[in-house]
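Engineer: Line by line, the protein sequences are chains F and U.
So the first sequence is numbered by the working numbering: it starts at 1 and just counts up by one.
So the second sequence is numbered by the working numbering: it starts at 1 and just counts up by one.
The set of hints was computed from the structure by calculation and includes no laboratory data.
Virtual Cβ for every residue (Gly too), placed ideally from N, Cα, C.
Among the hints, a few may not be true.
Some residues of chain F that are not near chain U, with every Cβ distance over 10 Å (derived) [unchecked claim]:
| id | residue |
| --- | --- |
| 1 | Asn32 |
| 2 | Gly105 |
| 3 | Pro150 |
Which chain U residues face chain F? A few, computed with CB under 7 Å, are given here [what the hints assert, rightly or not]:
| id | residue |
| --- | --- |
| 4 | Cys13 |
| 5 | Pro56 |
| 6 | Asp57 |
| 7 | Met60 |
| 8 | Thr61 |
| 9 | Ala64 |
| 10 | Ile65 |
| 11 | Gly68 |
| 12 | Phe74 |
| 13 | Leu78 |
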Amino acid sequence: MIKRFITLLLLAGIGAIFASLLFTYVPDSELNRTADYYAGHTASDIGAANIVTAIIVTYRGLDTLGEVTVLFLASSIVGLVLSLGQKQHKTQRNRVAVGELLTTGSRFLAPLIMLLGVYVFVNGHLTPGGGFQGGAIIASGMLLLLLADPLRHFSHTLIATLESFSGLSYVALGVLGLFMAGGFLDNRILPTGTLGELISAGAIPLIYSLIGLKVGAEFSSMLASLSETEDMK
Amino acid sequence: MNILMTGMSAVLCIAMLGAALLAIRVKGDDSLPLSILAAGLVSLFASVLFLILAAPDVAMTEAAIGSGLTTFLFFFLLARIRGTAQTVDKNDGSALDGRDYD
Numbered sequence: 001m002i003k004r005f006i007t008l009l010l011l012a013g014i015g016a017i018f019a020s021l022l023f024t025y026v027p028d029s030e031l032n033r034t035a036d037y038y039a040g041h042t043a044s045d046i047g048a049a050n051i052v053t054a055i056i057v058t059y060r061g062l063d064t065l066g067e068v069t070v071l072f073l074a075s076s077i078v079g080l081v082l083s084l085g086q087k088q089h090k091t092q093r094n095r096v097a098v099g100e101l102l103t104t105g106s107r108f109l110a111p112l113i114m115l116l117g118v119y120v121f122v123n124g125h126l127t128p129g130g131g132f133q134g135g136a137i138i139a140s141g142m143l144l145l146l147l148a149d150p151l152r153h154f155s156h157t158l159i160a161t162l163e164s165f166s167g168l169s170y171v172a173l174g175v176l177g178l179f180m181a182g183g184f185l186d187n188r189i190l191p192t193g194t195l196g197e198l199i200s201a202g203a204i205p206l207i208y209s210l211i212g213l214k215v216g217a218e219f220s221s222m223l224a225s226l227s228e229t230e231d232m233k
Numbered sequence: 001m002n003i004l005m006t007g008m009s010a011v012l013c014i015a016m017l018g019a020a021l022l023a024i025r026v027k028g029d030d031s032l033p034l035s036i037l038a039a040g041l042v043s044l045f046a047s048v049l050f051l052i053l054a055a056p057d058v059a060m061t062e063a064a065i066g067s068g069l070t071t072f073l074f075f076f077l078l079a080r081i082r083g084t085a086q087t088v089d090k091n092d093g094s095a096l097d098g099r100d101y102d
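This is chain F alone, in the form it adopts within the complex (with noise of 0.2 Å):
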């Protein structure tokens, strides 16, 4: 009873603060400085038509850098974790049966799903979405291939390499960046082009398709890993 009375109180206090907050709430009339900054200078000096994408890659790059490398560090832990347990039995593992329409359906959506992730993160500077959704994508796509046929074997080579190679040349494009144009991760080591056309804003389609590569590998060895392994006792 004591118990319930004080749950009751939180969850009313959570709810004061909360209608506190939506009630004060004023939409601000003009942008501010930094908003205003972005705004006003992204076409001009990034050549980006989606100024989000601008801001990710080139105004806070080194943010982007650092949010790829905690999604590589989850993905290895994951991946040392679960090589701990022992790798499944095929022939000894009942599973559920897989329907046929999921076989069926899952042959004829996952390689469009895959290529809508590709098309998201190379086009990342021009429309919404870029590497993080387009990876989040395609790895979802890798991941009804695996529910439609739970047995199936990805190779951990090909997602290491194109992993590795991914985040060495993300990298090695922001080190150019400090020596051709203006600082790490500088999107004008090549020319921005005209805005709104897809080959243009500079480095941030080559950048936003590494990092795309890079995140769909990173969930896909996670799925991949999680799919492998035989429960731990």
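For this one, chain F is given, so just place chain U on it according to the hints.
Structural biologist: Here is chain U on its own, set in the frame of chain F:
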């Protein structure tokens, strides 16, 4: 934000609350798939809400990871848990983790 958008947001919020309640409250023998679907639905409504609030990039992340990848992952793991449970039944619980000790 005009009146139509506000109304749509309100409807979405109510639908999100409903789906979230369904996800934790659904009962029955086979309630887990329904719970997973309802949790995915919460993310899907949230991503539409992000789109209405003019944040398409966040909406895409939410739709791809929250609604797509997580829901798939839950189903995948649910199938694995059930596969193990079936193995235990067949062995009369002698091998608790579903492995054969020959």
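Engineer: Closer than 7 Å between Cβ atoms is the bar; does U:Leu78 clear it against chain F? Give me holds or violated.
Structural biologist: Hint violated; U:Leu78 Cβ to chain F Cβ min 9 Å, cut 7 Å.
Engineer: With chain F as the partner, please determine if U:Phe74 meets the hint condition of a C-beta pair closer than 7 Å.
Structural biologist: violated (11 Å)
Engineer: May I ask you to test the interface hint for U:Thr61 with respect to chain F, counting a Cβ-Cβ separation under 7 Å as satisfied?
Structural biologist: holds (5 Å)
Engineer: With 7 Å as the cut and Cβ atoms as the points, is U:Gly68 at the interface with chain F?
Structural biologist: Hint on U:Gly68: holds, closest Cβ of chain F at ~5 Å, below 7 Å.
Engineer: May I ask you to check that F:Asn32 keeps its beta-carbon over 10 Å from the closest beta-carbon of chain U?
Structural biologist: F:Asn32 clear of chain U: closest Cβ-Cβ about 16 Å, beyond 10 Å.
Engineer: The hint names U:Ile65 as touching chain F; please verify it with the least Cβ-Cβ distance against 7 Å.
Structural biologist: Holds, about 5 Å.
Engineer: Does the closest beta carbon of chain F sit nearer than 7 Å to the beta carbon of U:Asp57?
Structural biologist: holds (5 Å)
Engineer: Hint validation: U:Met60 versus chain F, beta carbon distance must be below 7 Å. Holds or violated?
Structural biologist: holds (4 Å)
Engineer: Closer than 7 Å between Cβ atoms is the bar; does U:Pro56 clear it against chain F? Give me holds or violated.
Structural biologist: Holds: closest Cβ of chain F sits about 3 Å from U:Pro56, inside 7 Å.
Engineer: Taking the closest pair, is the beta carbon of F:Pro150 still more than 10 Å from chain U?
Structural biologist: Label violated. Min Cβ-Cβ 7 Å, cutoff 10 Å.
Engineer: Report holds or violated for the interface hint on U:Ala64, using the least CB-CB distance to chain F and a cut-off of 7 Å.
Structural biologist: holds (4 Å)
Engineer: With 7 Å as the cut and Cβ atoms as the points, is U:Cys13 at the interface with chain F?
Structural biologist: Where the cut-off is 7 Å and the nearest Cβ of chain F is about 12 Å from U:Cys13, the hint is violated.
Checked against the numbered hints given earlier, this structure breaks hints 3, 4, 12, 13; the rest are met.
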